[in-house]
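*Asks:* Got chain A; can you put chain H on it based on the hints?
Number of protein chains: 2
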Amino acid sequence: MSLIEDLNWRHATKAYLPEKKVSEENLTKILEATRLAPTSSGLQQFRVIVVEDKELRKKLAIGSLNPECMVEASCVLVFAAWDEYTPERIDAIYDRTTEERNLPKGRFDSYTDKLKEMYAKQPKEEHFIHAAKQSYIGLGMALAQAAELKIDSTPAEGFDNKLVDTVLGLPEKGLKSVCLLYVGYSDKERDWLATMKKVRNPMDVFTIRM
Amino acid sequence: MSLIEDLNWRHATKAYLPEKKVSEENLTKILEATRLAPTSSGLQQFRVIVVEDKELRKKLAIGSLNPECMVEASCVLVFAAWDEYTPERIDAIYDRTTEERNLPKGRFDSYTDKLKEMYAKQPKEEHFIHAAKQSYIGLGMALAQAAELKIDSTPAEGFDNKLVDTVLGLPEKGLKSVCLLYVGYSDKERDWLATMKKVRNPMDVFTIRM
Numbered sequence: 026m027s028l029i030e031d032l033n034w035r036h037a038t039k040a041y042l043p044e045k046k047v048s049e050e051n052l053t054k055i056l057e058a059t060r061l062a063p064t065s066s067g068l069q070q071f072r073v074i075v076v077e078d079k080e081l082r083k084k085l086a087i088g089s090l091n092p093e094c095m096v097e098a099s100c101v102l103v104f105a106a107w108d109e110y111t112p113e114r115i116d117a118i119y120d121r122t123t124e125e126r127n128l129p130k131g132r133f134d135s136y137t138d139k140l141k142e143m144y145a146k147q148p149k150e151e152h153f154i155h156a157a158k159q160s161y162i163g164l165g166m167a168l169a170q171a172a173e174l175k176i177d178s179t180p181a182e183g184f185d186n187k188l189v190d191t192v193l194g195l196p197e198k199g200l201k202s203v204c205l206l207y208v209g210y211s212d213k214e215r216d217w218l219a220t221m222k223k224v225r226n227p228m229d230v231f232t233i234r235m
Numbered sequence: 026m027s028l029i030e031d032l033n034w035r036h037a038t039k040a041y042l043p044e045k046k047v048s049e050e051n052l053t054k055i056l057e058a059t060r061l062a063p064t065s066s067g068l069q070q071f072r073v074i075v076v077e078d079k080e081l082r083k084k085l086a087i088g089s090l091n092p093e094c095m096v097e098a099s100c101v102l103v104f105a106a107w108d109e110y111t112p113e114r115i116d117a118i119y120d121r122t123t124e125e126r127n128l129p130k131g132r133f134d135s136y137t138d139k140l141k142e143m144y145a146k147q148p149k150e151e152h153f154i155h156a157a158k159q160s161y162i163g164l165g166m167a168l169a170q171a172a173e174l175k176i177d178s179t180p181a182e183g184f185d186n187k188l189v190d191t192v193l194g195l196p197e198k199g200l201k202s203v204c205l206l207y208v209g210y211s212d213k214e215r216d217w218l219a220t221m222k223k224v225r226n227p228m229d230v231f232t233i234r235m
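Top to bottom, those sequences are chains A and H. Here the first sequence stands for residues 26 to 235, where the numbers follow the numbering used here. Here the second sequence stands for residues 26 to 235, where the numbers follow the numbering used here.
For reference, chain A alone in the conformation it holds in the complex (with noise of 0.2 Å):
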């Protein structure tokens, strides 16, 4: 299947398959896909926590839209982004892409320098919002690599930020909660979503052609 058929195929799945969990060989591609997504700069400036245990996800659930989701689903990716830009954090994946790429050690000194200048003068919120858009490409690919394996998900941005990361200790890897991509199985029964035609504005209002 393309990847329009894959994107007409989903749809955000309001009920899940409590006992039908996705294998871990599924959950590494649609991790691998997320991992793949470009980002500003290359600094890959989010993560992915995989949140499988139950008793976990119950004290996720306070606050939530969809809390029978967050329970039912076989697992809850939080998507995570750095709370800020420093120049240790600019400098990680420089050194790894140059080691990697084996240029000499400094290659892109110039480009990082611009880049921390930049950061520097601006206030850690913006950094965070900055951040926090770029791991919704990676939102995109997860979304889109679920679809490719039928494996169903509901993106999510109804719960408690500030719960989330207190409960997954965000705060002291560095990071703030973003956004949830839930992945499962539909329970066709419950998911009232399922059934209904996927609405979007049609192309002419969509794009404007210049």
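It is worth saying that the hints were derived from the structure and are not from the lab. In this text, a Cβ means the ideal position worked out from N, Cα and C, and glycines have one as well. Don't take every hint at face value.
Said to hold, decoys possible - Below, in silico cross-link-like pairs of lysine to aspartate or glutamate (EDC-like), each with a Cα-Cα straight-line distance of 16 Å or less: (1) Lys-45/A to Glu-214/A; (2) Lys-223/A to Asp-120/H; (3) Lys-79/A to Glu-93/A; (4) Lys-223/A to Glu-124/H; (5) Lys-141/A to Asp-116/A; (6) Lys-198/H to Asp-229/A; (7) Lys-223/A to Glu-125/H.
To be verified - Per the computed footprint, the stretches of chain H lying under chain A, defined by three or more beta-carbons under 8 Å from a beta-carbon of chain A, are: (8) 70-81; (9) 122-128; (10) 154-161; (11) 216-228.
*Replies:* Positioned in the frame of chain A, the structure of chain H alone reads:
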């Protein structure tokens, strides 16, 4: 090819063949995958401006980080998000949804009333930030679709947003520019990134299992 193979194939193209055009059929597929991207509350709070006109692109290139790509790529997709959430904009897509699903008019009123109430409490700046994030899901789908078709592309944030908004008349459309995607065919001789190894954090750094 699978999505993972497509994502490994793609790279942020640094130079394009100015004479090689993406076919209308393939451009439509890229836009269709983007149109199918899910968005928060299904509001589809972004649009894609397809800029093919070279003179217009020369104007957009001023202050951009990749002015040659802006002009030499086959076309430029400008992702632009709603500048604010209004009751009318929220109603427009839900009216469409009830109509296309043959549901009674007002079927989603209790839900959209909550949305309207929530957004009314937020400053307009937060509206745009939230809408802008959704457009990155669409950017992800456009990137993935281009890669499936073996069309090169470059996601870009390095441009003069205010200038782009003005040149494209976005304020009059209630939109603000977010990010760009150049699409076309790599000029391998000038595209220095084409032969470089793709570098990402390894899976055990990128993901945290709980």
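*Asks:* Of the numbered hints stated earlier in the document, which are not met by this structure?
*Replies:* none
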